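Throw the hints in and build the complete structure from the sequences for me.
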Amino acid sequence: MNLSVANVNLEKINLADATLLEAYIQRQRELFDAKIGFGGYLEKRSLYQRSTHFTNENSEERDIHIGIDLWTQAGTVVICPLDGWIHSFKNNNSVGNYGPTIILKHQLENEVFYTLYGHLSLESIKNIEIGMDFKKGEQLGVLGNSSENGDYAPHLHFQIIKNLEDYMGDYPGVCSASDLDFYAKNCPNPNLLLK
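Counting from 1, one number per residue, gives the positions in the sequence shown under the numbering used here.
Worth flagging that the hints you see were computed from the coordinates, not collected in a lab. These figures come from a predicted structure and were not determined experimentally. Treat the hints with care, since some could be wrong.
[Unchecked claim] The list that follows gives simulated cross-link-like pairs (lysine to aspartate or glutamate, DMTMM-like), each with its CA atoms no further than 20 Å apart: (1) LYS90 x GLU165; (2) LYS195 x GLU123; (3) LYS126 x GLU148; (4) LYS44 x ASP179; (5) LYS44 x GLU11; (6) LYS135 x GLU111; (7) LYS136 x ASP83; (8) LYS185 x ASP170; (9) LYS185 x GLU165; (10) LYS90 x ASP170; (11) LYS126 x ASP170; (12) LYS105 x ASP170; (13) LYS162 x GLU111; (14) LYS195 x GLU138; (15) LYS105 x GLU129; (16) LYS162 x GLU61; (17) LYS35 x GLU22; (18) LYS90 x ASP166; (19) LYS44 x ASP63; (20) LYS44 x GLU61; (21) LYS105 x ASP63; (22) LYS105 x ASP166.
[Claimed, not checked] Ranges between beta-carbon positions, derived for each pair: (23) ASP166 x ILE36: 27 to 37 Å; (24) GLY131 x GLN26: 16 to 26 Å; (25) LEU194 x ASN9: 37 to 47 Å; (26) ASN110 x GLN26: 37 to 47 Å; (27) VAL95 x SER178: 19 to 29 Å; (28) GLU30 x GLY131: 33 to 43 Å; (29) GLN107 x GLU11: 37 to 47 Å; (30) ASN14 x ASN110: 14 to 24 Å.
Just so you know, even glycine gets a beta-carbon here, dropped at the ideal spot from N, CA and C.
Here you go:
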């Protein structure tokens with residue numbers, strides 16, 4: 001699904017209204033007979049102009065998406081793609097932010113990395129604890145609706161992170177052009193796992 005600045009169809013939609021964007025995404029999914037619309041890695045988007053959350057300390061706009069989005073209905077179950085344990089979680093509840101977010105830590109042989117799951121339901125972070133194990137294929141949570149997920153059409157923001165730095169329950173999912181080299185290296189293409 002193309003939500004980039006190059007998609008002229010988005011110019012006709014008020015992207016600040018989550019219900020209008022949700023209707024557009026639903027029409028696109030129906031057009032392609034798809035249950036899930038996906039895409040967005042390193043996509044430059046105008047969607048983020050609706051929130052001051054996407055301006056960095058130098059007033060440079062952050063508008064390049066560094067995860068992958070999976071667009072479908074609220075309440076859809078999110079499955080853990082590989083074994084891991086909860087590093088942290090948080091309700092990032094400002095407009096334009098992730099809403100309920102879980103970050104898992106993984107270790108494959110000697111490699112440690114993290115995966116971030118944003119735009120979940122509040123229920124998804126209600127009965128979990130740091131250090132809790134999740135196995136591949138287990139339910140991690142469910143997608144939230146616009147009233148709880150940062151005011152977006154329902155979707156999962158999925159991101160791989162090599163170095164989480166000092167973040168807890170949060171990590172940038174959108175960067176500026178000047179920071180793209182760093183984030184493209186630190187947050188590789190999620191299709192490495194999702195394919």
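To see whether the hints hold, each was checked on the structure:
Taken as a hint, the LYS90 and GLU165 pair is honoured in the structure, with Cα atoms around 16 Å apart against an allowance of 20 Å. For the hint linking LYS195 to GLU123, the alpha-carbon distance of about 28 Å lies beyond 20 Å, and the restraint is violated. Distance restraint check for LYS126 and GLU148: the Cα-Cα separation of roughly 13 Å lies within the 20 Å cut-off, and the hinted pair is therefore satisfied. The straight-line distance between the Cα atoms of LYS44 and ASP179 is roughly 13 Å, inside the 20 Å bound, and the hint therefore holds.
Between LYS44 and GLU11 the CA atoms are separated by roughly 14 Å; this keeps the pair inside 20 Å, and the hint holds. In summary, the hint linking LYS135 to GLU111 is supported, as the alpha carbons are separated by about 17 Å, within the 20 Å threshold. Distance hint between LYS136 and ASP83 is fulfilled; the C-alpha atoms sit about 5 Å from each other, no more than 20 Å. For the hint pairing LYS185 with ASP170, the CA-to-CA distance comes to about 18 Å; that is within 20 Å, so the pair holds.
With a CA separation close to 14 Å, the supplied pair LYS185 and GLU165 stays within the 20 Å bound. The hinted pair formed by LYS90 and ASP170 meets the criterion: a straight-line CA distance of about 7 Å does not exceed 20 Å. Taking the CA atoms of LYS126 and ASP170, the gap is near 17 Å; set against the 20 Å cutoff, the hint holds. In summary, the hint linking LYS105 to ASP170 is supported, as the alpha carbons are separated by about 13 Å, within the 20 Å threshold.
Note on LYS162 and GLU111: the hinted pairing holds, with a Cα-Cα distance of about 9 Å set against a maximum of 20 Å. Distance check on the hinted pair: LYS195 and GLU138 sit about 18 Å apart at the alpha-carbon level, within 20 Å; holds. Our distance criterion of 20 Å between C-alpha atoms is met by LYS105 and GLU129, whose separation comes to about 13 Å. This hinted pair does not check out: LYS162 and GLU61 have alpha carbons roughly 24 Å apart, beyond 20 Å.
About 13 Å separates the Cα atoms of LYS35 and GLU22, which keeps this hinted pair within 20 Å; it holds. A threshold of 20 Å between alpha carbons decides the hint, and for LYS90 with ASP166 the separation of about 14 Å falls inside it, so the pair holds. Distance check on the hinted pair: LYS44 and ASP63 sit about 6 Å apart at the alpha-carbon level, within 20 Å; holds. Between LYS44 and GLU61, the direct Cα distance comes to roughly 11 Å. Compliance with the 20 Å bound is thereby established for this hinted pair.
The suggested pairing of LYS105 with ASP63 is violated, with an alpha-carbon distance near 26 Å, which exceeds 20 Å. Distance restraint check for LYS105 and ASP166: the Cα-Cα separation of roughly 14 Å lies within the 20 Å cut-off, and the hinted pair is therefore satisfied. Evaluation of the 27 to 37 Å hint for ASP166 and ILE36 yields a pass: the beta carbon distance comes to about 33 Å. The hint said 16 to 26 Å for the Cβ distance between GLY131 and GLN26, and at roughly 38 Å that hint is violated.
Take LEU194 and ASN9: their Cβ atoms lie about 25 Å apart, and the range 37 to 47 Å is violated. As the Cβ distance of ASN110 to GLN26 is approximately 44 Å, the hint placing it in 37 to 47 Å holds. At about 24 Å, the CB distance of VAL95 to SER178 agrees with the hint of 19 to 29 Å. For the hinted restraint 33 to 43 Å between GLU30 and GLY131, the CB-CB distance of approximately 42 Å keeps it satisfied.
For the pair GLN107 and GLU11, the supplied restraint of 37 to 47 Å holds, since their beta-carbon distance comes to about 45 Å. Between ASN14 and ASN110 the beta carbon distance is about 49 Å. The supplied range of 14 to 24 Å is therefore violated.
The structure does not agree with the numbered hints 2, 16, 21, 24, 25, 30 stated previously, though it agrees with the rest.
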